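Q: Chain by chain, the residues:
2 protein chains.
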Amino acid sequence: MQQAIAILDSGVGGLTVVKEVMRQLPREKIIYFGDTARTPYGPRSSEEVRHFTEQIVDFLIQFNPKAIVIACNTATAAALDYISEKVSIPVIGVIHPGARAAISATKTGNIGVIGTLGTIGSGAYTAALQQLSPYIHVLSEACPALVPLVEKGQFRSDETTAVVDDSLRGMKSSSIDCLILGCTHYPFLKETIQEVMGEKVRLISSADETAREVSTILYDKGQLANSNESPVHQFFCSGDADIFQKIAKNWLGEHIRRTPVVWQVSRFSDT
Amino acid sequence: MQQAIAILDSGVGGLTVVKEVMRQLPREKIIYFGDTARTPYGPRSSEEVRHFTEQIVDFLIQFNPKAIVIACNTATAAALDYISEKVSIPVIGVIHPGARAAISATKTGNIGVIGTLGTIGSGAYTAALQQLSPYIHVLSEACPALVPLVEKGQFRSDETTAVVDDSLRGMKSSSIDCLILGCTHYPFLKETIQEVMGEKVRLISSADETAREVSTILYDKGQLANSNESPVHQFFCSGDADIFQKIAKNWLGEHIRRTPVVWQVSRFSDT
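From first to last, the protein sequence lines stand for chains A and B.
Numbering-wise, the first sequence is residues 542 to 812 according to the working numbering.
Numbering-wise, the second sequence is residues 542 to 812 according to the working numbering.
What the hints contain is simulated information worked out from the structure, not anything from laboratory work.
Hints may contain errors.
As the list makes no split between identical chains, a pair holds if one copy fits it or if it spans any two.
Unchecked claim - Derived DSSO-like pairs: lysine-lysine, alpha-carbon spacing no greater than 30 Å straight-line:
{"no.": "1", "residue 1": "LYS741", "residue 2": "LYS607"}
{"no.": "2", "residue 1": "LYS648", "residue 2": "LYS627"}
{"no.": "3", "residue 1": "LYS762", "residue 2": "LYS627"}
{"no.": "4", "residue 1": "LYS607", "residue 2": "LYS648"}
{"no.": "5", "residue 1": "LYS648", "residue 2": "LYS762"}
{"no.": "6", "residue 1": "LYS790", "residue 2": "LYS731"}
{"no.": "7", "residue 1": "LYS787", "residue 2": "LYS648"}
Fair warning: this is a prediction, and the values are worked out from it, not measured in the lab.
Full structure from sequences and hints, please.
A: So, in structure tokens, the structure goes:
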């Protein structure tokens with residue numbers, strides 16, 4: 542049986558990574574877990590985020606996946622190293638792929654990063670960027686008002702434009718030429734963010750870049766799927782399965798044949 | 542002592558990969574070998590290219606590198622699998638990184654590839670693209686007139702424009718939205734190629750993308766350099782060291798402090 546790629550997130554944000562994996566690697570089977578009962582992770586302590594991430598990995602590992610993608614910047618910052626040591630398969634976070642893509646794209650060396658309080662507070666992007674190149678200048682800012690818009694499904698509205706405009710005030714007046722969307726929820730708001738920042742700033746989606754690095758790493762290990770049959774994906778969440786299903790169907794529409802079946806895993810709901 | 546990344550090519554084309562590794566991974570030490578006495582590889586048989594590549598790898602492996610980059614599409618097509626089995630360190634070719642980047646970038650799924658006779662004749666790009674996604678349409682064409690322009694250092698001229706225009710006639714009249722520069726020499730001609738193809742076609746440089754995947758794979762293995770000292774690179778070629786030095790200095794100028802010292806390795810010159 543084909544081994545799946547397991548993808549986890551604090552909620553629906555990781556579906557941006559799912560969509561790109563489906564597009565770039567359509568032969569691959571995906572098992573997704575969204576911790577919608579406990580979203581958002583951004584304001585939580587890193588100990589708590591690490592504990593939640595470990596619980597989800599323990600659940601996903603039962604399906605014998607060939608790789609685990611932590612499709613959440615907050616969880617990557619808090620738990621990537623810990624989970625990598627715990628399991629024997631590749632564990633891929635979303636921070637380094639975004640950092641590498643930004644370094645590849647920047648012409649001036651001035652890179653902006655936006656993310657949750659947890660991600661920005663951890664300094665993980667700045668560390669990743671400067672580990673790769675000491676010549677990079679990083680401007681980072683937490684934008685805690687953006688995730689709630691996405692979790693409500695409010696991708697385009699006057700309120701969204703107003704909130705994005707207010708959140709990006711500092712970035713707009715800076716000299717960055719690349720802006721890393723350092724939260725997997727932000728690609729849902731990409732059009733508004735691009736309008737607010739203007740065409741000259743290149744947006745780097747950590748979601749797109751992570752899908753590409755999953756491809757690179759599985760290729761390097763000789764583990765890419767080669768079946769011609771359409772894979773059957775599996776979706777799990779800890780909160781309301783109907784709301785999750787609606788957002789998943791809406792976002793992944795063109796890449797899935799029928800409405801995704803979503804299972805609620807209640808054991809996470811009451812912790 | 543810091544382990545280097547070894548990069549090899551049939552001539553000077555691989556310097557496009559060197560430049561991107563220097564830009565994206567400025568902490569890394571590079572050892573380069575350009576087989577300028579036997580360039581071009583494009584029209585040679587794959588057996589001969591495999592033999593030459595093996596000779597160069599035997600030379601480079603003495604320096605105990607942490608990875609080998611086959612920065613030549615012809616040699617990647619002919620020898621990547623063979624060399625990967627022969628050595629115990631990661632061997633990274635230029636074909637899959639370009640293929641992955643094109644799949645990430647395309648909106649229509651129609652991708653063009655240009656390369657040498659050897660690369661295009663091998664079908665390696667088409668295989669790599671369709672291995673990743675069965676929904677990709679590939680239009681590929683050999684452009685044997687381009688490498689000689691680069692090896693002569695003729696990057697911008699009326700003759701260059703005329704030759705590029707003639708070579709890309711088929712690509713221009715197609716519906717591709719991405720064009721893979723499937724030869725590491727072609728980034729030297731990037732401006733002319735972009736002018737000829739127009740702004741709507743996105744050029745994918747296998748050189749840039751390979752540098753990024755070197756970063757991904759060394760990170761995955763925990764082998765990225767972390768020193769703050771400027772690395773001292775080493776350059777070797779089989780042909781005239783003065784001509785090589787001139788092109789290397791011209792192309793890498795901003796990334797190196799002084800004129801690179803180039804050693805001619807004569808044992809390859811007379812085979």
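Q: Are the CA atoms of LYS741 and LYS607 at most 30 Å apart within a copy, between copies, both, or neither?
A: Neither: 39 Å inside a copy, 38 Å across copies.
Q: How do LYS790 and LYS731 come out at 30 Å by Cα distance, when the copy is not named: within, between, both, or neither?
A: Result: close within a single copy only, 19 Å intra versus 41 Å inter.
Q: Checking an output row: LYS648 and LYS627, CA cutoff 30 Å. Within, between, both or neither?
A: neither (38 Å within a copy, 38 Å between copies)
Q: How do LYS648 and LYS762 come out at 30 Å by Cα distance, when the copy is not named: within, between, both, or neither?
A: Answer is between: at 28 Å across copies they meet the 30 Å cutoff, but 32 Å inside does not.
Q: Taking 30 Å as the upper bound on the Cα-Cα distance, should LYS607 and LYS648 be classified as within, between, both, or neither?
A: between (36 Å within a copy, 28 Å between copies)
Q: Up to 30 Å between alpha-carbons, please classify LYS762 paired with LYS627: within, between, both or neither.
A: Classified as both; 19 Å inside a copy, 16 Å across copies.
Q: Treating 30 Å as the Cα threshold, decide for LYS787 and LYS648: within, between, both or neither.
A: Intra 40 Å, inter 25 Å, cutoff 30 Å: inter-copy only.
This entry does not satisfy hints 1 and 2, going by the numbered hints stated previously.
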